[in-house]
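Participant: Residues per chain are reported as follows:
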Amino acid sequence: MKDPSAEIENKKELLVDLHDVWVAYDGKWVLKSVYLNCYAGEIFGIVGPNGGGKTTLLNVILGLVHPKKGSVRLFGRKPGKRSRLELGYLPQISHADRSFPVTVLDVVLMGLYNRIGFFHRPGPKNKKTGMELLDQVNMADHARRPFAVLSGGQKQRVNIARALASKPKLLVLDEPSTGIDSVAQEDFYELLAKFRNEQDISVIMVSHDIGVITSHADRVACLNVQLHYHDEPDSCFSPQVAREVFGEDLKVIVHDSKCATCYHSHKDHD
Amino acid sequence: MIQNVQPVITVIKTMIDILSLQFMQNAFLAGIMLSFVLAVVSFFVVLRRLSFIGVGVAHSAFGGVALGALLGISPTLTAIGFAVVVSNAIGYIGKEDHLSTDTAIGIFFPLAMALGVIFIGMSDQYNVDLFGYLFGNILAITRQDLIVIAVFGGLVLLSTVLLFKELLFVAYDREVALVPHCWLSQGRLLHK
Numbered sequence: 001m002k003d004p005s006a007e008i009e010n011k012k013e014l015l016v017d018l019h020d021v022w023v024a025y026d027g028k029w030v031l032k033s034v035y036l037n038c039y040a041g042e043i044f045g046i047v048g049p050n051g052g053g054k055t056t057l058l059n060v061i062l063g064l065v066h067p068k069k070g071s072v073r074l075f076g077r078k079p080g081k082r083s084r085l086e087l088g089y090l091p092q093i094s095h096a097d098r099s100f101p102v103t104v105l106d107v108v109l110m111g112l113y114n115r116i117g118f119f120h121r122p123g124p125k126n127k128k129t130g131m132e133l134l135d136q137v138n139m140a141d142h143a144r145r146p147f148a149v150l151s152g153g154q155k156q157r158v159n160i161a162r163a164l165a166s167k168p169k170l171l172v173l174d175e176p177s178t179g180i181d182s183v184a185q186e187d188f189y190e191l192l193a194k195f196r197n198e199q200d201i202s203v204i205m206v207s208h209d210i211g212v213i214t215s216h217a218d219r220v221a222c223l224n225v226q227l228h229y230h231d232e233p234d235s236c237f238s239p240q241v242a243r244e245v246f247g248e249d250l251k252v253i254v255h256d257s258k259c260a261t262c263y264h265s266h267k268d269h270d
Numbered sequence: 001m002i003q004n005v006q007p008v009i010t011v012i013k014t015m016i017d018i019l020s021l022q023f024m025q026n027a028f029l030a031g032i033m034l035s036f037v038l039a040v041v042s043f044f045v046v047l048r049r050l051s052f053i054g055v056g057v058a059h060s061a062f063g064g065v066a067l068g069a070l071l072g073i074s075p076t077l078t079a080i081g082f083a084v085v086v087s088n089a090i091g092y093i094g095k096e097d098h099l100s101t102d103t104a105i106g107i108f109f110p111l112a113m114a115l116g117v118i119f120i121g122m123s124d125q126y127n128v129d130l131f132g133y134l135f136g137n138i139l140a141i142t143r144q145d146l147i148v149i150a151v152f153g154g155l156v157l158l159s160t161v162l163l164f165k166e167l168l169f170v171a172y173d174r175e176v177a178l179v180p181h182c183w184l185s186q187g188r189l190l191h192k
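Protein chains in written order, with this note's numbering: chain A, 1 to 270; chain B, 1 to 192.
Since the hints were derived computationally from the structure, they do not count as laboratory data.
Each residue gets a CB set at the ideal place from its N, CA and C atoms; glycine is no exception.
Some hints could be false.
Short, incomplete list of chain A residues facing chain B, as computed with Cβ under 8 Å [stated by the list, open to error]:
| hint | residue |
| --- | --- |
| 1 | Lys68 |
| 2 | Val72 |
| 3 | Phe119 |
With a straight-line cut-off of 20 Å between C-alpha atoms, the simulated EDC-like cross-links for lysine to aspartate or glutamate are [unchecked claim]:
| hint | chain 1 | residue 1 | chain 2 | residue 2 |
| --- | --- | --- | --- | --- |
| 4 | A | Lys194 | A | Glu86 |
| 5 | A | Lys81 | B | Asp145 |
| 6 | A | Lys81 | B | Asp124 |
| 7 | A | Lys128 | A | Asp141 |
| 8 | A | Lys125 | B | Glu166 |
| 9 | A | Lys78 | A | Asp20 |
| 10 | A | Lys81 | B | Asp17 |
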């Protein structure tokens, strides 16, 4: 991986800027005073327990949830249709994993629908673009297969191809490794790093899996209603931060050489 | 040989006799038109796992029919009103209270039917054949009904052809489909 700090020094283009964001559902605060900056060229990880507001935070960035207080800026502007077209979004896999009678190519073409516009069908040119996108994620051989028969890792790669179809500056991923085995996970994160390095596509991803985030993100934030940590993963979490985010009920596991004091929550499988 | 042909001729003759009747013509035409329109609509209904909604909304219309009979206005209008209100309520409740659509339909279907029974009880006249309205009778279709089916069915088919890929995307992955069009996610009409 590149040295993220050098990268940021050179560019410093601010992609996402959340300033004092507060969100409430049913009278309960889900996000309290969240400040978050994500720069171009970063893979930014957000970890936190289930119910800690991670998905809500992504929805705020996407403009699907409007904060009660605070400001959101996307690519230096207020979020609008144009800035949202520069985003590639991948929700949690459970939303689209059912048996739906579409082929792999059909799924990728959905990412092009906004460009094709109303009242038009995807033409041969769009299909060629779709095949190129599939080729980028090494799924071109599967283009004609039903999407439902793919493995979790393959589905996720196709979803990434779909998200890339809008030529995004930023990919927003919600729990991207759910339902994928560890080998496929490694492939998947390598793919993200490849797109970051070759096409300068930044990534914001959310996970409850600290190990995954710390080994694949340039910078991390810990979220449990409030933001507890906002820095590079190398310095890792202090036991205090981990307790604040995940509560007292923690089990310490050694993850790898890079992250010897990572914490794992019992709530992972809630 | 000739003996074998005879029953076939009889059948064809009978069919011609049947089709010469006005009400049978109407019934066939309506059935054929609706089979095309409903086949297309049900594609999306099944994809969005809303199969139960057909029964739910159709039976809810019974409440509207009874209300129309009670108030002495056209039962068709009140039935349409009931169906629209109930289908939107199903979408709204399902979304706001995070209920499955089947549960939401299961709430409103008996509610609307129970209201219908109350409305019938409240009205003195019992001579209107309300159950005829509920289950319908294809032989009772008039020329006017045919025009209504043709116009609205045509509109449904046209909009489905024009917006097929958008409808497919929303049915497949609502969240991703709506990200560039956030104003839609604020609306209540397209809820799962």
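Participant: Each of the hints needs a verdict: does it hold here or not?
Facilitator: Verification of the hints:
For lysine 68 (chain A), the interface hint is violated, since its Cβ never comes within 8 Å of a Cβ in chain B; the closest pair sits about 16 Å apart. A cut of 8 Å between beta carbons decides the hint on valine 72 (chain A): the least distance to chain B is about 12 Å, and the hint is violated. Annotation: interface hint on phenylalanine 119 (chain A) holds; nearest CB of chain B at approximately 5 Å, less than 8 Å. Our distance criterion of 20 Å between C-alpha atoms is met by lysine 194 (chain A) and glutamate 86 (chain A), whose separation comes to about 19 Å.
Proposed proximity of lysine 81 (chain A) and aspartate 145 (chain B) is contradicted: the alpha carbons are some 43 Å apart, above 20 Å. A hinted pair counts as satisfied when its Cα atoms are at most 20 Å apart, and lysine 81 (chain A) with aspartate 124 (chain B) does not qualify at roughly 57 Å. This hinted pair checks out: lysine 128 (chain A) and aspartate 141 (chain A) have alpha carbons roughly 14 Å apart, not beyond 20 Å. Straight-line distance between C-alpha atoms of lysine 125 (chain A) and glutamate 166 (chain B) comes to about 19 Å, which keeps the hinted pair within the 20 Å bound.
With a CA separation close to 15 Å, the supplied pair lysine 78 (chain A) and aspartate 20 (chain A) stays within the 20 Å bound. Our distance criterion of 20 Å between C-alpha atoms is broken by lysine 81 (chain A) and aspartate 17 (chain B), whose separation comes to about 61 Å.
Hints 1, 2, 5, 6, 10 from the earlier list are contradicted by this structure; the remaining hints agree with it.
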